[in-house]
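S.K.: Protein chains in written order, with the working numbering: chain E, 66 to 316; chain B, 466 to 695.
It is possible that some hints are incorrect.
Said to hold, decoys possible - The calculated label-pair distances, taken between Cβ atoms and stated as ranges, are:
#1 E:263 to B:469: 21 to 29 Å
#2 E:263 to B:631: 52 to 60 Å
#3 E:82 to B:494: 50 to 58 Å
#4 E:186 to B:631: 28 to 36 Å
#5 E:259 to B:556: 28 to 36 Å
#6 E:216 to B:661: 52 to 60 Å
The set of hints was computed from the structure by calculation and includes no laboratory data.
From the three backbone atoms N, C-alpha and C, an ideal C-beta is built for every residue, glycine too.
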Amino acid sequence: MENNNLTIKLKVWRQENAGAKGKFVDYTIDDVNPDMSFLEMLDELNEELIKKDDLPIEFDNDCREGICGMCGMVINGTAHGPKSGTTTCEVRMRQFKDGETILIEPWRARPFPVIKDLVVDRSAFDRIMVAGGYIDVKTGSAPDAHTVLVPKENADLAMDMAACIGCGACVAACPNASASLFVGAKVSQFALLPQGQPEATKRVEAMVAQMDEEGFGACSNHGECEAVCPKNISILAIARMRREYWKASVH
Amino acid sequence: MRFSTFSYSSLGKKIYMAILGLLLVSFVTVHLIGNLALLSPDKDTFNKYSHFLTHDIGGIILVAEILIFAFFFFHFLYALVVQWNNWKARPIGYKKVKNAGGASKKTIMSTTMIYTGLIIIIWLVIHLLNFKYGEEVMYTTKDGMLIRDLYATVTGYFSNIWNVIFYDVVMILLALHLSHGFWSAFQSLGLNGPRFMKFIRGFGYLYAIVLGAGFVFIPVWVYLTIGGAR
Ligand code: HEM
Ligand code: FES
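Working from the sequences, and respecting the hints, build out all of it.
M.R.: Structure follows, in structure tokens:
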């Protein structure tokens, strides 16, 4: 069989720890199978680095199938790489040309400080969730399906919003490092359902306050977030969050 | 929610900016319609309109002027605050940024709002000094009113091609500001949905083009018919 394997040049952000000054380091990796995932390519490189007694490149990942939201890098200037609707772990090496130089940077935002290399601290998102991204309910046996009526369209839309995996690509891609798409999706998934109503005003106020407190920028409606979102969440989620905020403002 | 919480939040500030922006939009629209009086071959048309605004509507003009000043001032102030916070949110930038394309609405217009805006406000000061606070030539209209000949001031100013170019460049920048700003204001207010998004973006572009073309055309017309090319 013909060998289509690629030679890839990498320029990777290396940073010792949160306090250290980082820099880009060049690597060349030969014999990259085009069917490899991007993270597998980095695994191969890391093995070589370990053999050479170098420190491997640290990057976050877990499921490697686009559902957990752990992975995330800015690849050649685009969060999660060149294709829309995918996470970094879903990027395949066949999307790159033989001999191409790939630039890899961590998410950049004040609320997402780099911990090491390509790993950033995204606990700001957790704190936003703690502020209001939940409903207080008595859990018990499931009620009859018809006790709470939900229009089909709302159920579908709420599901679209709930698809957010909290990867942070929206923040990474936003020129203002705004978390509006994330918060918009989280606010909307509850706002669209009856179960979210009792705490609706409290929730949006608390989540927006926490978002601002963390130091994310404001939304200028550039829409880059939607374009890089692995779940294609629409910026209409942000419009809905703003409507919820209006409602809360007169509450 | 407390009023202060709303006002200091990132969402509230953008909501204020959007309302102020749309109020400015209504002002510039009326201003353009008024300017069309310059196209009349009879200079009395424009001068009487100007006289009407400044003398015949009593205190309304003062209230209007204060309001319009406030719209500009607070839109400008919020722009500085919001933009400053946005810059602060990313202290370390990327080595490379590529527009993601696809669903993105990011354009050169959306990323230069602060620059087009700053140029507009600097220009605004010059604009007021040239015209509103410019030379006051008095004359008598055909029906015997002794009023200010603002028409002479304006046409005199636009008889210089460089003044025409300067004015038109700024008007193009205003149109660029609004090509993003118009739809963006609705989105900032939360007034958007899947169908409305298509409409408002299209309408915003159309509005920006029509408004820009109108403002650009008038000085060119003045220059060609009565100004420097006379
Ligand atoms: C006085 C100088 C001005 C400055 C410094 C300025 C600055 C800005 C900036 C930075 C934004 C983007 C805010 C963001 O999304 O982050 C903006 C939005 C906007 N501007 Fe201006 N601008 C100025 C004048 C004007 C004028 C004269 C108009 C209308 C005729 C206008 C209409 C708008 C509108 C409608 C928006 C959209 C608001 C939103 O998305 O919430 N601006 N302006
Ligand atoms: S590793 Fe789970 S989404 Fe990429």
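S.K.: For every hint, state whether the structure bears it out.
M.R.: Going through the hints against the structure:
1. E:263 to B:469: 21 to 29 Å: 25 Å, holds
2. E:263 to B:631: 52 to 60 Å: Cβ of residue 263 (chain E) to Cβ of residue 631 (chain B): about 58 Å, so the range 52 to 60 Å holds.
3. E:82 to B:494: 50 to 58 Å: 56 Å, holds
4. E:186 to B:631: 28 to 36 Å: For residue 631 (chain B) against residue 186 (chain E), whose Cβ atoms are near 49 Å apart, the range 28 to 36 Å is violated.
5. E:259 to B:556: 28 to 36 Å: 42 Å, violated
6. E:216 to B:661: 52 to 60 Å: 19 Å, violated
In this structure, the hints that do not hold are numbers 4, 5 and 6, in rising order.
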